[in-house]
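> Sequence:
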Amino acid sequence: MTWIMVVIRSLSTRSIALVFASLILLTMVLLLDVGFMTSLYNIYDDLIALRVDLHGKTITISSYSLAPFTSVIRISDVEKLLKDISNDVEDVVYEVVTLANINGRNVIVRGIDFNTLDKYLKYNVVEGVDFNEKYVAHAWIGVELARRLEVKVGDIITLSSFFSKTTFTLAIAGVINITKPYCYELIVPYELGLKIRNIGRDKASIAIVILKPQANITRLLYKLGVRKQYAPLLERAIVALKYVKGEVRSTIYERASELYLMRLGIHRDVLVITTIALGFILSIGYHIIGQLVMLLNRDRLIILHEQGLSIMRVKVAVIIMVTLLMLISFSLTQTLLPLINELTDPHIIGHRINIKLETSTLSITTMFALLFLLTGILVVKLYEEYE
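Just so it is clear: in the sequence shown, position 54 is 54 by our numbering, and no numbers are missing.
Derived by calculation from the structure, the hints in this document are not laboratory data. None of the hints are false.
Straight-line Cα separation of at most 35 Å, DSBU-like style, residue types lysine-lysine; simulated pairs: (1) K134 / K152; (2) K212 / K80; (3) K203 / K165; (4) K83 / K203; (5) K152 / K180; (6) K203 / K119; (7) K119 / K212; (8) K356 / K180; (9) K80 / K165; (10) K122 / K195; (11) K119 / K356; (12) K134 / K212.
Computed spacing ranges between beta-carbons, pair by pair: (13) R300 / K180: 52 to 60 Å; (14) A277 / I4: 33 to 41 Å; (15) M37 / L378: 24 to 32 Å; (16) L378 / F163: 54 to 62 Å; (17) N177 / N354: 15 to 23 Å; (18) I340 / T375: 24 to 32 Å.
Glycine residues also receive a C-beta, built at the ideal position from the N, C-alpha and C atoms.
Take the sequences, apply the hints, and build the full model.
So, in structure tokens, the structure goes:
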């Protein structure tokens, strides 16, 4: 195997550095694009998830809508749906999730019963007063949103609802250090949230059903009309209430993003195909890099061939080296992704987008990159062209 080291040592140091730098740059662009698309698709999963600090399973109920902001469910329908399984239910949390504009920026406003925060969410007041239903024309703001809007306790904000012609003037009563997604949102009393969303008191955007530890999952699935094979999905799934000719029908979806984006005609398969297509297009750059390493060192490699080393061995040695460089670039880029995310700080409707890659997507992307890299090396002729 000494011939491998002989080939690698013969390569120009500058060409290796150039190839390695090109691999890192291309890999960074590729993984950032793919990761951003995946994270953007999954943003609804973070928006509607209640972070329950107690142990136990939860089920999220929404309407068959285009987004959490347009979802409207009747509380009576949820109660009717859960009537026969009330012994399995610990509590039901109702929330109003809506969009509003504050100082030219679109943010999420969440109306919630403050008892819910005390019972199920850990938080601490950074500035101002604790949650209190008596503060009617007041709002509490998550630390991250407060930082982005540059507001503090006592500031007066003007809030324009997307669903009402009324303009709301609110005072900031407190800045709250709280878990995601609430840290990126404006939190108001539930009754005020209903007015901002412009819906009646018997309605909500979502209901989060908190189950007892000993809940009968089989009975629960049957009542919700969910097939047994979906049982493992229960904790991260979403049950959509669809109103058909006066009847309420429930359908379970694997994830919130699957429900809402499917209503827009964007199925998960579309994301997968688009991501693969993007990875395929960007991976063509690896083909060029493969050719580059061969062309920059062609004279050196031809000399090795004339000294008795076969072209196949020459190319195999180059492939081994470049493959190692590519794998290092992928590993390095994955390590740097959190830092890049921190520096770029991407946001949408106030929520920070954490760029992350799914294992399956990363595997397909790596496969494409490696395939193009190898073909780039193999298509370059050495000795035959030289003659």
